[in-house]
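Colleague: Below are the chains, spelled out letter by letter.
There are 2 protein chains.
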Amino acid sequence: MKYPIGAKKYIKQYNSHSNRGMGLENDIEASNNYYLQNDIAVIHKKPTPITIAKVDYPSRLEAVIKEGYFRTPSTTDYNGIYKGKYIDFEAKETTSKTSFPLNNIHKHQIKHLESIYKHGGIGFLIVRFTKLNHTFLLEIHKLLDFLKNSDRKSIPLEYFKKHGYIIKDKYNPRVDYIEIINKLYFDGGSYEE
Amino acid sequence: MKYPIGAKKYIKQYNSHSNRGMGLENDIEASNNYYLQNDIAVIHKKPTPITIAKVDYPSRLEAVIKEGYFRTPSTTDYNGIYKGKYIDFEAKETTSKTSFPLNNIHKHQIKHLESIYKHGGIGFLIVRFTKLNHTFLLEIHKLLDFLKNSDRKSIPLEYFKKHGYIIKDKYNPRVDYIEIINKLYFDGGSYEE
Numbered sequence: 012m013k014y015p016i017g018a019k020k021y022i023k024q025y026n027s028h029s030n031r032g033m034g035l036e037n038d039i040e041a042s043n044n045y046y047l048q049n050d051i052a053v054i055h056k057k058p059t060p061i062t063i064a065k066v067d068y069p070s071r072l073e074a075v076i077k078e079g080y081f082r083t084p085s086t087t088d089y090n091g092i093y094k095g096k097y098i099d100f101e102a103k104e105t106t107s108k109t110s111f112p113l114n115n116i117h118k119h120q121i122k123h124l125e126s127i128y129k130h131g132g133i134g135f136l137i138v139r140f141t142k143l144n145h146t147f148l149l150e151i152h153k154l155l156d157f158l159k160n161s162d163r164k165s166i167p168l169e170y171f172k173k174h175g176y177i178i179k180d181k182y183n184p185r186v187d188y189i190e191i192i193n194k195l196y197f198d199g200g201s202y203e204e
Numbered sequence: 012m013k014y015p016i017g018a019k020k021y022i023k024q025y026n027s028h029s030n031r032g033m034g035l036e037n038d039i040e041a042s043n044n045y046y047l048q049n050d051i052a053v054i055h056k057k058p059t060p061i062t063i064a065k066v067d068y069p070s071r072l073e074a075v076i077k078e079g080y081f082r083t084p085s086t087t088d089y090n091g092i093y094k095g096k097y098i099d100f101e102a103k104e105t106t107s108k109t110s111f112p113l114n115n116i117h118k119h120q121i122k123h124l125e126s127i128y129k130h131g132g133i134g135f136l137i138v139r140f141t142k143l144n145h146t147f148l149l150e151i152h153k154l155l156d157f158l159k160n161s162d163r164k165s166i167p168l169e170y171f172k173k174h175g176y177i178i179k180d181k182y183n184p185r186v187d188y189i190e191i192i193n194k195l196y197f198d199g200g201s202y203e204e
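As they're listed, the protein sequences go chains S and G.
For the first sequence, the positions run 12 to 204 when this note's numbering is used.
For the second sequence, the positions run 12 to 204 when this note's numbering is used.
Source of the hints: derived by calculation from the structure; they are not laboratory data.
Be careful, since some hints might not be right.
Which copy? The list can't say, so a pair holds if one copy fits it or any two copies do.
[As the list claims (entries may be wrong)] Straight-line Cα separation of at most 35 angstroms, DSBU-like style, residue types lysine-lysine; simulated pairs:
hint	residue 1	residue 2
1	77	159
2	94	65
3	142	65
4	129	77
5	179	142
6	65	103
7	108	65
8	77	94
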C-alpha cells in the first residue's frame, strides 16, 4: 500500500499526542457533550480517517482490522449545528509562547473553512497556547486576512489578542466557544472583551 | 479489548458490503464531489469510526495500525452546508421490493436526526430499493411521524411513495438530492412530482 502524500505530518502529530497531552481535545469533547445534553448545540468530532488494508474475521460477527493507515483529513475535525447555523472548526494546541505555527493546519483544511465561510456557515479556529494557558477563538475571515497580508509561517500571539477572542476557563462547559459565537452572530454582534 | 455493544450489526453490514455493492454510497460520493467542484454545497461523508488498539512504528514518520475495531457510529454518515443551512443525512440500500427494514438504522442515528431537526437543520434519509432501482429522499419529520404511528419494523414502499420524494437518475450529479432540498426549503416549497 502506497503511503498517501501529506499524511506523514499527521502521523507525526499522532505519535506525539502522548507527549503533547490532549487537553484541548478533551476539553472540547466535554464541552460538546455539555451542549448536547443541555440541548444547546449539536456538534461532534469527526472520526480519524483511516484507510483499511486488511481485516480478519475471527467469527461471523467479528471483524478485527489488522492493517490500517492514517489518512490526511480532508476537512476539519469538528462540525455541527447551533441555532440552525452550520458550525465548523479546527482545534489546535501549541507549546510556543509567541506564535502559532501554520504548519499545524493543512492547506485543504483552510480551503475547507474558506468555502464554509463563502456558503454562509460559521468557521473558526480554536488555538490554545498551552504554556500561557490562553485559548483563543479566531474566525476564519480573520485567518484569511492574515494569510493574504503576510508571508509569515506562524501567526503571532498579538494577532490572536487583537483579532481573536479569549475563551475563558470555566468549570462547565470547559471551553465555552458557543458563548462567543452566540455574542458574535446571534446577539446583535454585541461582543465585549 | 471488549467489543462495543451494538457494533455487531455494523460489522455484519461492513462484511456484506462486497456482496451488496456500494452503489448508493459511490453515487452520493460522486454527487458530493460535483456539488463541491461547482460550489453548490459542501457536504462530506464522515470517516468510519474505528477504535485503535495497537499501532506499530516501522520508522519515525510511519505508523501502521495493527489492531483496530469498528465502532458503532454515533451520528449519521453525511453532513455539511447548503445555502447557509446545516444538512445531515443517512443513506441506505435495501434489496427488499416492498419495504425498508428499520434495523438498517441505529436508534441513536434517528435520535441524532431528530435533534438536528429541532435545532433548525435539514435532516433526511436517502433510501435506495436496489431491485426496483428507486431512490427516495424521506425527510426526518416524515420518518418520526411513521415511528410515532406504527409498530412496524419496516417502512413500506408505499410510505416512501406518499411521503418521500423520488431522486431521479441523472448523469451528473448522479443522486441530485440537493435539487429536492432546494425546492423544499429554498424555493418557496414549490415541490411538484
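Colleague: Next step is simple, just say for each hint if it's right about the structure.
Modeller: To see whether the hints hold, each was checked on the structure:
In this assembly of identical chains, residue 77 and residue 159 lie within 35 angstroms of each other by CA distance neither inside one copy nor across copies; the values are 44 angstroms within and 42 angstroms between. For the homomeric pair residue 94 and residue 65, neither the shortest alpha-carbon distance inside one copy (42 angstroms) nor that between copies (40 angstroms) is at most 35 angstroms. In the homo-oligomer, the alpha carbons of residue 142 and residue 65 lie at most 35 angstroms apart only across protomers (30 angstroms), although the nearest pairing inside one protomer, at 41 angstroms, exceeds that limit. In this assembly of identical chains, residue 129 and residue 77 lie within 35 angstroms of each other by CA distance neither inside one copy nor across copies; the values are 41 angstroms within and 40 angstroms between.
For a Cα distance limit of 35 angstroms, the shortest separation of residue 179 from residue 142 inside one copy, 15 angstroms, qualifies, whereas the shortest one across copies, 56 angstroms, does not. With identical chains, the CA atoms of residue 65 and residue 103 are at most 35 angstroms apart both within one copy (31 angstroms) and between copies (24 angstroms). Taking identical chains as interchangeable, the C-alpha atoms of residue 108 and residue 65 lie at most 35 angstroms apart only when they sit on different chains, with a minimum of 34 angstroms there against 43 angstroms within one chain. For the homomeric pair residue 77 and residue 94, neither the shortest alpha-carbon distance inside one copy (42 angstroms) nor that between copies (42 angstroms) is at most 35 angstroms.
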